[in-house]
Amino acid sequence: MLNNAWLFPAIPALSFLLILFFGKRTPGKGAPIGIIALGSSFVLSIVAVVQWIQRVDDATGHSQGLRALGRGVFAGESSSHGEAVVTPVVHSFTWWQNAGISFGVGTRVDGLVVMMLFVVTLISLLVHVYSVAYMHNDIRYTHYYAMLSLFTASMLLLVVADNTLQLLVGWEGVGLCSFALIGHWWEEGVNSAAALKAFLTTRTGDIGLMIGIIIMFFAAGTFNITGTNVYALSKGADHTLLLAGATCLFIGVIGKSGQFPLHTWLPDAMAGPTPVSALIHAATMVVAGVFLAARMYPVFFKGFSIGAGGMNFMAITGGITIIIGAVLAFVQRDIKKVLAYSTISQIGYMVMALGVGAWTAAVFHLFTHAFFKALLFLGAGSVSHSGSHHSFDMKNDMGGLRKFMPVTFWTFMIGTAALCGIFPFAGFWSKDEILVTAGASGFDAFLVVGLIGAFLTAAYMTRCVYLTFFGEYRGHGHPHESEPLITVPLIVLACFSILAGLVNAAPLGVEKFKQWVEPTFVFPQLVHPEFDYPKAGLSLFIALLGIGIAAYFWFQKEELGPLKGLTQRNKAAHAGYTFLENKYYIDYLYEDVIVAGIKGPMARGAYWFNQNVIDKVVNAFGAGAVKLGRFTYNTIDQKGIDRAYDGVAEATGDAGGLLRYFQSGRVQRYALLLFGAVGILALALLIANS
Amino acid sequence: MIVLGANVAVNVVFWILAIAIAAAAIGVVRSPNVVHAALFLVVVLAGIAALYILLAAEFVAWVQVLIYIGAIVILFLFGIMLTRAPMRATGDLDNSQRLASAVVALFLFGVIAALMVDAYGDKEIKLNSKLVAVGNTHNIASAIFRDYLVPFEVVSMLLLAALVGAVVIARRD
Amino acid sequence: MALNNFLILSAFLFCTGIYGVLARKNAVLVLMSIELMLNAVNLNLVAFSAFNSPTQSVRQAASGQVFALFVITIAAAEVGVGLAIVLLIYRNSRTADLDQLDEMKG
Chain H
1 MLNNAWLFPA
11 IPALSFLLIL
21 FFGKRTPGKG
31 APIGIIALGS
41 SFVLSIVAVV
51 QWIQRVDDAT
61 GHSQGLRALG
71 RGVFAGESSS
81 HGEAVVTPVV
91 HSFTWWQNAG
101 ISFGVGTRVD
111 GLVVMMLFVV
121 TLISLLVHVY
131 SVAYMHNDIR
141 YTHYYAMLSL
151 FTASMLLLVV
161 ADNTLQLLVG
171 WEGVGLCSFA
181 LIGHWWEEGV
191 NSAAALKAFL
201 TTRTGDIGLM
211 IGIIIMFFAA
221 GTFNITGTNV
231 YALSKGADHT
241 LLLAGATCLF
251 IGVIGKSGQF
261 PLHTWLPDAM
271 AGPTPVSALI
281 HAATMVVAGV
291 FLAARMYPVF
301 FKGFSIGAGG
311 MNFMAITGGI
321 TIIIGAVLAF
331 VQRDIKKVLA
341 YSTISQIGYM
351 VMALGVGAWT
361 AAVFHLFTHA
371 FFKALLFLGA
381 GSVSHSGSHH
391 SFDMKNDMGG
401 LRKFMPVTFW
411 TFMIGTAALC
421 GIFPFAGFWS
431 KDEILVTAGA
441 SGFDAFLVVG
451 LIGAFLTAAY
461 MTRCVYLTFF
471 GEYRGHGHPH
481 ESEPLITVPL
491 IVLACFSILA
501 GLVNAAPLGV
511 EKFKQWVEPT
521 FVFPQLVHPE
531 FDYPKAGLSL
541 FIALLGIGIA
551 AYFWFQKEEL
561 GPLKGLTQRN
571 KAAHAGYTFL
581 ENKYYIDYLY
591 EDVIVAGIKG
601 PMARGAYWFN
611 QNVIDKVVNA
621 FGAGAVKLGR
631 FTYNTIDQKG
641 IDRAYDGVAE
651 ATGDAGGLLR
661 YFQSGRVQRY
671 ALLLFGAVGI
681 LALALLIANS
Chain D
691 MIVLGANVAV
701 NVVFWILAIA
711 IAAAAIGVVR
721 SPNVVHAALF
731 LVVVLAGIAA
741 LYILLAAEFV
751 AWVQVLIYIG
761 AIVILFLFGI
771 MLTRAPMRAT
781 GDLDNSQRLA
791 SAVVALFLFG
801 VIAALMVDAY
811 GDKEIKLNSK
821 LVAVGNTHNI
831 ASAIFRDYLV
841 PFEVVSMLLL
851 AALVGAVVIA
861 RRD
Chain L
864 MALNNFLILS
874 AFLFCTGIYG
884 VLARKNAVLV
894 LMSIELMLNA
904 VNLNLVAFSA
914 FNSPTQSVRQ
924 AASGQVFALF
934 VITIAAAEVG
944 VGLAIVLLIY
954 RNSRTADLDQ
964 LDEMKG
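Chains as they are written, first to last, in the numbering used here: chain H, 1 to 690; chain D, 691 to 863; chain L, 864 to 969.
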């Protein structure tokens, strides 16, 4: 499968075309085609995983995983990580060449790619199955499945790409599908506005991405990712160029992965169907930015001088995002919006991890986050589908649902625990690895940020869980458990949320993930700190503290007299609450200040120009044409040409009249002419001969 | 008595005749009366006959009088009568191209006169016995019947043809 | 006698005849003018005959007068035929006015 990685984008693409053209006519309206395609893709991805693990083990020896037990820091070792170099499987074709520049297509499969293949195909398959029940009787059911297939195809194209242009094609493809799927119910103005906002905000980031690709092309001389990485790690690389390229590429990451300041589109994107949110905005598309940064890590590593420690753009952005996302999650009524801000915050963790040099930790967090975030979203979808009568408003329509929807409740709790980083769920292992690496690499500030974020995460998730599942039922519907098509994916994801962390449970001596996924080929030397039990314990304690405080607050709210209704009574607290409710006024800044400030004057200017300049010119042309026409008619045609013609006719008539003088029919006239001619001839002869 | 030379007498006679002929010719072409024009023609013809006599061409002069005045003018008068020409002066005998005709005629006269003056300058006709001998009827007859016999016969045929033709043309049928 | 006198007189007669031919409406008058022209020619011939008599033999010099005789003969024939034609025209179109005979008008 590693050698046929082109199949991964091809199968969903084929499914897209089939659903588009034939979906409506098939029984099941296109869903079975998608499920079969994704199912086969998932099976193939498992094959790819197995093949890759085989490849790594063959290259390094089977016992490597055990020997990595307790091994410490590799910092300072100049050679590779003490293991053999495992090269990725590359198949590359030159598409066309022009003036010495060649554009290629191809696939490049290594551990990171294989992991992404697994995650994307699994979650896409589960979402396909889930949607059969969730989107039942939807007015654009077939179209929905077609776009899901196209999305998966684009994402996989992005993942297996071996050059930045192909990656860009996939990138844009997922952006397009995100737009189409967010605005799936475009009859509501809110939905299409949200879709447009998502598309345009990520587009703003894409400007940076494209400039970054071009800068790296001119720096490295090729679009090929391996080639670019080689250039970045080489001794003669221009640091300024790398910094510029890395910054521009990172802007693309900010846009697509919803980092501050381009995070505003993600919460609004919750207007789309919940399975879409689960697939695209939790597990796969939003991590495309992180994937890009991980893929081209040498560029970022050298560009931002991550190895040298200290502040850098990536880590700062990630850190800020963690905090602002988490804080905003506290003031949301909509359960999906809570999860959206949580996603923003968690991706902030991944970006910060990359910024401090914790590559494996970031990618591992991506891996686990995909599972539990998808689980949480699908759980929210299940709640809305069967519990709150298709509403996502926690305060008005939910509450006490654990009695009615046990499976949903328990899977949601597992997902929450994983997200909060509770031992032994998946999130614990991945988040701790980030924090440990941050602390060990000298990024203490980010360690603190990470811990604060962990606290906030636990707190807002507890709030969310309380409002949804505990207390009295405040809604108007008849809550019941969802059908198996919905609950089975939830259970599957819950299993992964529990178990996925164990592939890299360092304390237990298992570092399979790092071994299989972290690249050894063309990769900078990274710091791999030993697992730090005190820090792990600290983060666990902080998470539990967050849960405890939040639970105390929410569960015992009636008794906390002074605190109850604080934000209504206290001006400062109310101001703070309003500030948060308006999302730090960032949306206001973007839409009403920047955009309106540009488009208002621009529109007015364009209108003025149109009315006064263009219209005047056109009118002048029109008037001029009329004048010209009249002039031509009156002067040229009537007076000039007609006169000429009349003149010619008159001259002809006059000439005829003149000639008629000589053709009178009277002999004497002819004789006159005769004698006259004779006389003239005689005179001529006379003169000639004299 | 002053005896005028023969030259003087000849010149005087010539000029008298010339003026008469010229005036009569003008009268032929300008007279408003057809019959008067015919009579003016008679004067012209007679004058020319007199000039022939002056040039010692006696036979030609008499033939002129005989044929021209005696037959042709009579024919003209018959023609005038048979075509019912108005016998009185009418203003209607000149057509519209009088002026152009006068111009052409004068122009031609100028050309011919210039040519003649240029060609013959001061040449003179000598009156001597040879001149008289030339106009002798006997000599004319000799010339006709010896040198110009064939033209004479042809002219006879022509006269016959003209006679027959005129009869054919003018007969009523 | 100056030869030129005769010649110029002859030219005058000839041109008068031309004027008459061109300017007169009546057909008979035109014929009369033609006679004038013929007489002018005759006068010219006889004058030259007299002029040439000293230098030529008698028979040679007589040719001018013989030619004049022939011209008179032809003139007579021509007048005869011409008047016959005029009569015929008069019979057909009731007029001897040449201005009326313009059926060849272009």
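The reader is advised that the hints may include incorrect statements.
Stated by the list, open to error - Simulated restraints, written as ranges between beta carbons of each label pair:
hint	chain 1	residue 1	chain 2	residue 2	range
1	D	A779	H	I680	33 to 39 Å
2	D	L849	H	A649	23 to 29 Å
3	D	L772	L	D965	18 to 24 Å
4	D	A831	L	D965	46 to 52 Å
Said to hold, decoys possible - Computed list of chain D residues with no C-beta within reach of chain H, every gap over 12 Å:
hint	residue
5	A795
6	L805
7	L849
8	L853
To be verified - Pairs of lysine to any residue residues, derived as SDA-like cross-links and limited to a Cα-Cα distance of at most 20 Å, are as follows:
hint	chain 1	residue 1	chain 2	residue 2
9	L	K968	H	L659
10	D	K813	L	M864
11	D	K813	L	T918
12	H	K403	H	S391
13	L	K888	D	R778
14	D	K816	D	I743
15	L	K888	L	T958
16	L	K888	D	S721
It should be emphasised that the hints constitute simulated quantities derived from the structure, not laboratory data.
It should be emphasised that the depicted structure is a prediction, and the values quoted were computed from it without experimental measurement.
In this text, a Cβ means the ideal position worked out from N, Cα and C, and glycines have one as well.
Okay, the hints, checked on the actual structure:
no. : hint                        : result
1   : A779/D - I680/H: 33 to 39 Å : 36 Å, holds
2   : L849/D - A649/H: 23 to 29 Å : 57 Å, violated
3   : L772/D - D965/L: 18 to 24 Å : 23 Å, holds
4   : A831/D - D965/L: 46 to 52 Å : 48 Å, holds
5   : A795                        : 8 Å, violated
6   : L805                        : 6 Å, violated
7   : L849                        : 26 Å, holds
8   : L853                        : 25 Å, holds
9   : K968/L - L659/H             : 12 Å, holds
10  : K813/D - M864/L             : 9 Å, holds
11  : K813/D - T918/L             : 13 Å, holds
12  : K403/H - S391/H             : 18 Å, holds
13  : K888/L - R778/D             : 15 Å, holds
14  : K816/D - I743/D             : 14 Å, holds
15  : K888/L - T958/L             : 11 Å, holds
16  : K888/L - S721/D             : 12 Å, holds
Consistency with the previously given hints fails for numbers 2, 5 and 6, ordered from lowest to highest.
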